[in-house]
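Enquirer: This is what each chain is made of:
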Amino acid sequence: MILVPCPNCGPRNSSDLRNTGEVVPRPDAATASLSEWRSYLYLRDNPAGWVTETWYCRSGCRTYFTIERNTATNEVRGLERT
Amino acid sequence: MSPRRIPSRPGELIDRSTTVSFTWNGRAFTGHQGDTIASALAAAGVEIFSRSMKYHRRRGIFSANHWDPNLSVQVGDEPNVRAGSRRLLEGMQVSAQNVWPSLRFDLGTANQLVGRFLSAGFYYKTFMRPQFLWHSLYQRILRKFAPGGRIHWNTSTHGAYDKRYAHPDVLIAGGGPAGMAAALSAAEAGATVMLVEQEPELGGHLRWGANDDLEVLADLRSAVEASPGIEVLVDSTVSGRYDHNWIAINQRSHPLAPERLIKARAGSLVVAPGLIERPYVFAGNDTPGVMLAGAVRRLTNLWAVRPGDRAVVLTASSEGDSAVADLESAGVEIVEVLDARSGADIVKVDGRGRVRKVHLGDGRTLAADLVVTATGWTAPTSLLNMAGDRPVYDPVAARYFPHALPDNVLATGGITGDGSIAELLAHGRETGELAAARALRIRHDVLTTTARSTSPKGPRPETVPDDRIPLRRVPHPECYRSSTHGLVDFSEDISSKDLMQAASEGFDSIELMKRYTTVTMGPSQGKLETVNAASVLAEARQVDMADVGTTVWRPPFSPISLGALAGRIFEPVRRSALQDWHEANGAVNLLAGQWVRPDRYGDPMAEALNVRNNVGLIDVTPLGKLDLRGPDVPKLLELVYVNRWQKLKVGRVRYGAMVGEDGVVSDDGVTGRLAKDHYLMTTTSSGAGAVWEMLEDWLQTYRSDWEVHVTPVTGGLTSINVAGPRSRDLLERLVGGVDLSADAFPYFSVRTGTVAGVADCIIWRIGFTGELSYELHVPSGHALHVWESLLATGSDLGAAPFGVEAQRILRLEKGHYIVGQDTDGLSKAPTAGLAGLVKLDKEDTVGLPELRAAFDRTDLPVLVGLQPDDPTVVPEEACQIVAGDSNEILGRVTSSRMSPTLGRSICLAQVDPKLAAAGTSVTVKLVDGSRITATVQEHHAHLDPEGERQRV
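These protein sequence lines are chains A and B, in that order. Counting from 1, position 5 in the first sequence corresponds to residue 5 in our numbering; the numbering is continuous, with no gaps. Counting from 1, position 693 in the second sequence corresponds to residue 1693 in our numbering; the numbering is continuous, with no gaps.
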């Protein structure tokens, strides 16, 4: 189980948090075409390497924050509160 | 009684002043405190401990420790106990496993006669075809072959297993000399240390060493004991290492729990497991009386047991030389010492129940009852592999060594090289210092880099360079296999011949060979077998050991019981403030998500009718409740609900449905405006957490400029629904400060007032049951008073509680759908009948493009009211709606009940749009396969579709 650094609570077991996935910009719902919308819904880069993702500190401070994580090594960097 | 017990030894673990009684296969035996099961039996002259897995060959002591493949026994109702390390306890009932009818006379030995049919891949080849025999025949046959003890499903006496979480700076796997030295120096450097040893006492190989070893051990033990920074866990195994040094430890030495799984997050991990002796492969190498040098050293020095009378020793290392000395001092006649370093060899051993004759490489034959081999070491690099290392084979030292480790994992002791005790201790100490330095840096970073961190105590620890002097590598001959074939895997009964055959059949990669033959997959988990298997494959392929590689060691380091893995479950159950009352008044409970709540108090049909005729009370506290405050709440509601919210007036409530960004219906509920900037949102009971997290996501991530504050008040407010034609009469007696008349307090309104003297109760008029009803949200501290007052005051009105089952009947009569029951993970808004609610012309709403697309479609299933033509038949929920006599699925029943009000069966169903028109006759296939017809209704509601009853 990896450690995820919450900006408020410090490093916590990933089971204390929820991974809400890669950060994907949300298209304008009023104007987006269906295919643009579905790319936002379902298509992810899923690289074996660095990815920017959002975590939710569900058992702690209830903050959503983003980190950069290397999916191949689970190295974490770039902590930033959203 | 103990014909093989020898006079006192300086390092013996047994307390000769004690007597421990136990039974072995029903016969009474005694041993001493400190004995293992195996040592007590061996002292009494027992030579056969088990039968082998496939061929049921007699097996005796082989390694006399945790890894001994021949010493799995049943103790009471506990199977697969390792008799080589499990300490003897008074009254133990020990028996042999995998034998029938008895250990002495086992019919399974017949398998030896057909051995050639049980060779590599036998199961795969034999039990493949015909497939129809799999269930009826093959499964039953194979079950008979399954080795291992018996579990007793209903009679466990083991008590509760447990879990623990720990956060040591330094965790040391292995309590031998290097591990103990590392623990001491790490603790001196200021680290908190957890020292984990698999055997029941610290010391590693010092325990069975000579007098000077024992002196060093005594000093180390007292130093460890005196160090407050070291927590010692003996009889505990580090079973796995995962990302970011998440480490699993199986503790068998807890005073209460039979086993405890410790989940530790360590700053740094020091791997110091020592070395494991490698068996030698030759014909008859599993005959009782063939032992590893370590086994005879442990038997003689730890338990004062003479392992045989006449010994032949094959040695390639100092361990074998020491074994010779130990055997001599124990009064064993040394028939011959064969030095493998100068080419001496054993070819074959004869004997069935015990070694009789030994055939040597030079052609001679010797009579002996004990054959001791010391032909090499296996480095148990499991934890290093789990940390990403790929150990490298060194042909000079004839074993594997660590290669490249991450910063937070260090290795010390025999796994890294050879040396005197002093050299091992020095390396351990340096490793402990380094581990502490790295861990203390991590601890400092953890404490100083968070937003709320306190000011650090002192500066960040310096980076300490790794300038440890590596241990030497003593040259060792590569002794793997003699000129004959023998067993490689003792647990799985796999010989070098089987492996050669597998290689010749094409399974010549080590990973493939492992899976094909199951070599290394038994209880020893490859600790004895892996390197020999690789060497046989190297021989078969005629390549170097280094080119064969090894299988990847994965967790667990040693098998772990399912009880320990299951352990204690940390899952709180939520109870409303009224749950005690419910249980005292005959409620039959229901587990709904995290909540326990009354399903019924008596007959749910009667409870439902009482709501239709009089007035009923239900505790609906699990309804998710979110207190929303701030000027931008309407914007938030517009965003997360499919309908409009901007114009909701103070004092009004509105129904809303939510969809996900994918357009699938996700939740629904009622939200009321209590004041200008103050709303109360309710969600489904199961969706409370998810809706809250979703709102927070929007407010934190995408709309952080909105001024909204969300507070969950689900447990803080106890919710009571008062439903039925007499509900107003009842509330008029108890409510203060609110005009309850129909004109002053119309349907879908909210007021705040006093109920039974309790101020600040939120009251809203809604109608899930289809009756005139009021939902009270009462501060939970006063909820019981309000509930009891309602029942007492309303006794003449027929006020009575009703449970979830009655509520389900009532809502189905009224045709209200339940998200997740009548909708599923694919149900879009049109399916749920939300066409009138959804506003597609909003600027933004969750899932808007999918909502638009859904309403363009004509093929989505439609939720309809459905009534079986035979009113007495209630189709079970999830029965399928099919096309006539075929099995073409056209829908399914999502809810069904017998309606006490209508006296007939009623359903909600999702159907194909071509069946959705009112009056359509459909076929429902029942659970028993029979078919009935049912008719689609005009409305979801089976009762009062116009809503006359609830608007009074």
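Derived from the structure by calculation, the hints contain no laboratory data. We put the beta carbon where it would ideally sit given N, CA and C, even for glycine. Warning: the hint list may mix true and false statements.
[Said to hold, decoys possible] Quick list of the computed label-pair ranges, beta carbon to beta carbon: (1) B/D1466 with A/R77: 19 to 25 Å; (2) B/T1858 with A/D28: 23 to 29 Å; (3) B/E1328 with A/E75: 55 to 61 Å; (4) B/S1886 with A/E75: 54 to 60 Å; (5) B/D1824 with A/S39: 20 to 26 Å.
[Claimed, not checked] Calculated pairs, SDA-like style, for lysine to any residue (alpha carbon to alpha carbon, straight line, at most 20 Å): (6) B/K1163 with A/S14; (7) B/K1925 with B/D1844; (8) B/K1842 with B/D1859; (9) B/K1263 with A/R12; (10) B/K1635 with A/D28; (11) B/K1263 with A/L34; (12) B/K1263 with A/P11; (13) B/K1163 with A/R44; (14) B/K1163 with B/P1556; (15) B/K1635 with B/D1705; (16) B/K1839 with A/L34; (17) B/K1649 with B/V1670; (18) B/K1842 with A/P27; (19) B/K1647 with B/D1844; (20) B/K1635 with B/H1485; (21) B/K1925 with B/N1887; (22) B/K1635 with B/P1556; (23) B/K1348 with B/H1485; (24) B/K1163 with A/I2; (25) B/K1839 with A/D28; (26) B/K1263 with A/D28.
Enquirer: Of the numbered hints stated earlier in the document, which are not met by this structure?
Expert: 7, 8, 11, 13, 20, 22 and 26
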